[in-house]
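Guided by the hints, dock chain B onto chain A, whose structure is given.
The residues making up each chain are set out below.
2 protein chains.
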Amino acid sequence: IETKNNSALLSLLEDIHYADIAEIINELNEDEATYIIKLLNSDKTSDILTELDDDVRESILGNLSAKEIAKELDELDTDDAADIVGELPKEMVQQVISKLEDREHAKDIVDLLRFDENSAGGLMAKELVKVNENWNVLTCVKEMRVQAENVTRVHSIYVVDDEGKLKGRLSLKDLLTTSTKTHIKDVYISKVDHVNVNEKPEEVARIMSKYDLEAIPVIDEIGRLVGRITIDDIVDVIREEAEKDYQMAAGISKDVEADDSIWELTKARWPWLLIGMMGGLGAASIISGFQEALTKFPVLLIFIPLMQATAGNVGVQSSAIVVQGLANDTIKGAIWGRLGKELLLGLVNGLALAFVFLIISHFGFKTTYLESIAIGIALVTVVVNAAVIGTFIPIFLNKRGIDPAIATGPFITTSNDVLGILIYFSIAKVFLGF
Amino acid sequence: IETKNNSALLSLLEDIHYADIAEIINELNEDEATYIIKLLNSDKTSDILTELDDDVRESILGNLSAKEIAKELDELDTDDAADIVGELPKEMVQQVISKLEDREHAKDIVDLLRFDENSAGGLMAKELVKVNENWNVLTCVKEMRVQAENVTRVHSIYVVDDEGKLKGRLSLKDLLTTSTKTHIKDVYISKVDHVNVNEKPEEVARIMSKYDLEAIPVIDEIGRLVGRITIDDIVDVIREEAEKDYQMAAGISKDVEADDSIWELTKARWPWLLIGMMGGLGAASIISGFQEALTKFPVLLIFIPLMQATAGNVGVQSSAIVVQGLANDTIKGAIWGRLGKELLLGLVNGLALAFVFLIISHFGFKTTYLESIAIGIALVTVVVNAAVIGTFIPIFLNKRGIDPAIATGPFITTSNDVLGILIYFSIAKVFLGF
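Residue numbers (our numbering), protein chains in the order written: chain A, 1 to 434; chain B, 435 to 868.
Worth flagging that the hints you see were computed from the coordinates, not collected in a lab.
As the structure is a prediction and not an experimental result, all values here were calculated from the model.
Take these hints with a grain of salt, some might be off.
[Claimed, not checked] Heads up, simulated DSSO-like pairs for lysine-lysine below, C-alpha to C-alpha not over 27 Å straight-line:
id	chain 1	residue 1	chain 2	residue 2
1	A	Lys341	B	Lys833
2	B	Lys678	B	Lys701
3	A	Lys167	A	Lys200
4	B	Lys478	A	Lys167
5	B	Lys634	A	Lys210
6	B	Lys478	A	Lys210
7	B	Lys678	A	Lys200
8	B	Lys775	A	Lys244
9	A	Lys341	B	Lys678
10	B	Lys634	A	Lys296
11	A	Lys38	B	Lys678
12	B	Lys644	A	Lys38
13	B	Lys505	A	Lys210
14	B	Lys625	A	Lys44
15	A	Lys244	B	Lys678
16	B	Lys800	A	Lys429
17	A	Lys142	B	Lys615
18	A	Lys130	A	Lys90
The shape of chain A in the complex, shown without the other chains (with noise of 0.2 Å):
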């Protein structure tokens, strides 16, 4: 369709909404990409640009001048063009930001990028419906009116004094509902949820999620408001946070998708492939240690990679449980307490396990009852030691300001895999007496 330009395709893509046209875009090629975002005015491709994979705007955009860029940047949000703004390359960042018509607009930009990308400062918008607290309720719809015209959503009013510093809000609800002679001073609400600039994104979303805020206002170090933050970035905050946790448990350590190249997607797996098969190789130097007791007892050795497979299980299982509750703020209480109730989970579980053991190795590989026992006893000592590192570790990591998604998945699969298979063949060594 898109080989001959024409009009045609100016009216088939204007009723598309511009997430969709967005999603067609980073299927073609470059060529076509630019020659869409060209075809289309700037109040459409602007939005357009904001739903881009990072890797597909950034070569439209190196495909366009510093002029239309400066003019895509001033029909977005302080919050969006900030962030296209701190992707282009450092020589271009300042012909952009002179290029754009709206001052006001730029000023705004060029302070959004002061701010850590990690912080609320750096996910904050500066659109937002203020009033000063000493004037009328007349006076203040009149400014609303002016403000609304360049915010996207009002959500709420917020109520500044004559310094800046924020002071309360005003539903828009109230104002529907009330009349119109007030002083603002005597009917704002002085109680307002609000975050530091300074504030971890996921921290924003945490307060925002829990209070069911729709819209947080962030105030500076010295109570000014300086910006807003908005559900619709929160919720991208919630969706990518999720993603990288889940990424990082299966071993994949940066933010890759499944269309990404293949030299993307070997550049993310191969560190934790690497971590695991010096695992591996940890657990060979262990089994070589004890080759000569394995050719006195060789049904030991067919066991391996059943206490491997469930050392790695219940470490992953203890961590995940851990990970999960520490990001949600849910674990309370002593790190003793919580270690003495996983050891006590991983001694029931052991049990268990070991249980259903004792019955299939008997009648299913004709052990010995001596080889039995020692091989239970061994597996319930691997579950409780590799439940009691899935907790410890997180926990750990935690304490240290370490993100402790980190723990889960390959991590603690090689660790509790080469612990495991060290306390197998020691427990076997004291019972079996080779």
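This is chain B only, laid out in the frame that chain A set:
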């Protein structure tokens, strides 16, 4: 603090947000919790109830009379009220409903009970602001003021025809910035995103976050506006979905938390541990079958854990990417293309791992050239196989309408463990000729 009843407690709790009180109550015992709920008045306790853990809420409601429960429900939005009614024992439901003061509210709650919890109908609330297309703006504003009293957040004003069919929407902002004497028919926006009552919650979440919506109207089979879903409910859906997938990947089959009882935690973990154990025992029989070979080439056995760990890791990585891609709808194109890509990716990763292995095994474990090469080739095959299986199973399950997330974690690890060991010995057999 809770031993002596006093009004001091009441004034203390007055200034605390209901979500925070709910967190405190979750930590108390049943009597204390019930005592606090009875102490506070129902406009606050009703909100607290919605935020409590399921089991805590259940035990508190068990201590309240039908009339007390009805009083709480009168304060709640229809969707939250219906959720609570849905949790009550059957004989209680009718009593509670009959005691509701607001009969319109009671009717709405009963309507909502009809819907499957796992559908848009089960998520939506009846509270919304709607206007008839035949009204003029004046009537409309008057009506809105009345309706807005019952709606916590207005968001959009929906426009319906005489039969109640959804025609479009009016934005609040337009109403703030437009003159007051026009017909609704002439000013409403006829394009409005909406979902069907039978739509799945995950699909509603996808649509709302794709189009950055904060509320979406729900229509029934013949197009009538029956309710509205707001973004705060969708945030909960996204969180729950992410937690479920994460736990499934870790081999935990029910929604449990770190603070649940040992019995609950055991039930959730046990099935997966058993699958892992069966896998381990399966591997044991495979090794038994090759036992003679192992006495001739004992070096083979020390690399069993390596094969198993690598197969497991690769399988989980591949399946996690595919599961996530399926959830985000970013996997396009034919299944064969996807499999081909994973095959290539597996080959690249496998060859790289085999290269590292060859060097380490030669110098570290003094394997012969033939042994090294046989094991290296087995490693590549195991990796490719795990990648293909890890890709194929989730796609296959998805086509069958089964949640592909079940394929990650222990399920894929276990099958790859067993297959990996089988492949390992089979290839070693071919090369070493035992």
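Subject >> Restraint status (C-alpha distance of A:Lys341 to B:Lys833 at most 27 Å) >> reply: Distance of about 40 Å is beyond 27 Å: violated.
Original post:
Is B:Lys478 close enough to A:Lys210, meaning Cα to Cα at most 27 Å?
Top reply: holds (16 Å)
Subject >> Agreement of A:Lys130 and A:Lys90 with the hint, judged by alpha carbon distance not exceeding 27 Å >> reply: violated (33 Å)
**OP:** Take a quick look at whether B:Lys800 and A:Lys429 sit within 27 Å of each other, Cα to Cα.
**Re:** Holds: B:Lys800 and A:Lys429 sit about 26 Å apart, inside 27 Å.
**OP:** Take a quick look at whether A:Lys38 and B:Lys678 sit within 27 Å of each other, Cα to Cα.
**Re:** Roughly 43 Å between the alpha carbons, so the hint for A:Lys38 and B:Lys678 is violated.
Original post:
Hey, B:Lys644 versus A:Lys38, does the alpha-carbon distance stay inside 27 Å?
Top reply: holds (23 Å)
Original post:
Is B:Lys478 within 27 Å of A:Lys167, Cα to Cα?
Top reply: Answer holds: B:Lys478 to A:Lys167 is near 24 Å, not above 27 Å.
**OP:** With a cut-off of 27 Å on the C-alpha distance, tell me whether A:Lys244 and B:Lys678 pass.
**Re:** holds (15 Å)
Subject >> 27 Å limit on alpha-carbon distance, applied to hinted pair B:Lys625 and A:Lys44 >> reply: Answer holds: B:Lys625 to A:Lys44 is near 16 Å, not above 27 Å.
Subject >> Restraint status (C-alpha distance of B:Lys634 to A:Lys296 at most 27 Å) >> reply: The given pair, whose Cα atoms are some 59 Å apart, is violated under the 27 Å limit.
Original post:
Straight-line Cα separation of B:Lys678 and B:Lys701 no greater than 27 Å?
Top reply: Holds. B:Lys678 to B:Lys701 sits at ~16 Å (cutoff 27 Å).
**OP:** Below or equal to 27 Å on CA atoms is what counts here, so check B:Lys775 against A:Lys244.
**Re:** holds (23 Å)
Consistency note: the structure conflicts with the earlier hints numbered 1, 10, 11 and 18.
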